[in-house]
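Per the numbering used here, the very first residue in the sequence shown carries number 1; after that it's consecutive.
Keep in mind that the hints were calculated from the coordinates and are not lab data.
Since no wrong hints were added, every one of them can be taken at face value.
In silico BS3-like pairs for lysine-lysine, Cα to Cα no more than 30 Å straight-line: (1) Lys44 to Lys216; (2) Lys281 to Lys316; (3) Lys302 to Lys327; (4) Lys310 to Lys281; (5) Lys313 to Lys327; (6) Lys232 to Lys213; (7) Lys232 to Lys44; (8) Lys59 to Lys232; (9) Lys232 to Lys105.
Label-pair restraints from in silico Cβ distances: (10) Arg156 to Thr102: 21 to 31 Å; (11) Lys213 to Asn261: 25 to 35 Å; (12) Glu317 to Asp154: 34 to 44 Å; (13) Val235 to Glu289: 41 to 51 Å; (14) Tyr223 to Arg36: 17 to 27 Å.
Glycine is no exception: its CB is placed at the ideal position from the N, C-alpha and C atoms.
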Amino acid sequence: MERQVIRYSFQPGPAQLYPEIAHHIQEALNEGLLSRYHRDPVWKDLYRSAQEAVKTFLKLPADWLVLFVSSATEAWQILIDATTESPSLHFVQGAFGERWHTLQKNASSFAFAHPVDENLPWSEQIETTSQKYAGVAFVGAVHVETSRGAFLPDLRALREAFPSALIAIDATSSLGGLELPWEAGDIWFASVQKCLGLPPGLAVMILSPAAEKRYKEYPRLRYNTLSYLIEKAQVHEPPYTPNLLGIYLLARSLLDRPSLNTIHQHLETRSRHLYQALGEKGYVLPVPEAYRAPTVILGAWKDAKEASEKTKKLEKEGLYLGRGYGKENQTHFRIANFPALPDEAYEELLMRF
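I would like the entire structure built from these sequences, with the hints used as guidance.
Given below as structure tokens:
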């Protein structure tokens with residue numbers, strides 16, 4: 001099959017890599033790092049460096065713990081295993097939130113879901129759910145629902161509504177691109193192939209001191225039980241042979257980037273421009289304005305013919321557009337507004353759209 005060369009990928013994961021990643025990969029190969037034993041002193045130091053780089057770049061509180069797993073999907077399973085006996089509530093806004101809740105429900109008899117109604121204010125829904133599910137011990141939420149370009153506009157409201165619950169937030173399409181209110185959650189996690197601009201195959205998990213204390217003695221029922229991950233991360237070691245390249249790239253690349261505040265402001269400004277430009281071109285924007293994600297923009301094609309013609313035309317120019325998710329594959333398009341992409345990429349995309 002003929003493959004078009006991709007100059008700019010607007011696919012929301014795997015997504016555009018930061019330009020310097022190729023150089024850092026070559027560095028790792030030249031130094032033989034990917035052939036070293038993953039528990040020797042060099043890799044223990046690199047693991048610690050990656051943990052510190054994540055904490056510094058994201059401006060995490062000093063006493064929070066950073067650990068690494070293979071994906072955000074694995075993080076779901078790790079959390080499900082640790083919370084099967086806890087009444088839980090999941091805020092569902094699309095396919096990924098629904099999938100997380102379904103897995104939780106398969107393992108627990110007390111897994112509830114609140115489908116987010118984007119025709120109602122977020123504050124009103126928070127008030128309703130806080131009364132209806134006042135006794136839940138675990139709350140799960142996807143910050144940016146990548147499948148449909150929607151997001152939860154105020155995460156702090158979760159903490160206010162459920163002050164005693166442990167709150168876990170899947171921040172896969174926002175971590176590394178948006179400043180996040182760490183106090184709103186106890187556990188945060190994200191795969192690296194989106195706003196962090198790295199190759200897929202690694203995810204970051206971040207635990208508050210409360211979450212670390214709560215789960216560090218949890219019975220080890222599976223190999224990747226959360227308590228074991230905590231134990232190894234505390235001494236800067238992985239629980240198994242990890243994605244060494246991904247960990248090295250985190251350690252090597254994060255501290256060379258602009259501040260997260262600068263990135264956040266840039267993405268917010270650019271998202272407003274993208275939504276306005278698409279609207280002016282006559283495209284329907286299916287998500288109500290209050291719930292439109294700043295990092296994943298969803299639009300609707302006029303018809304299947306336009307979808308096919310425009311997508312092929314763009315790919316011939318090296319512009320790789322994200323398709324709709326699932327059953328909307330041929331009717332919607334998605335544009336990743338991730339920091340690895342320069343402004344000129346979007347200007348070219350809009351010009352050729």
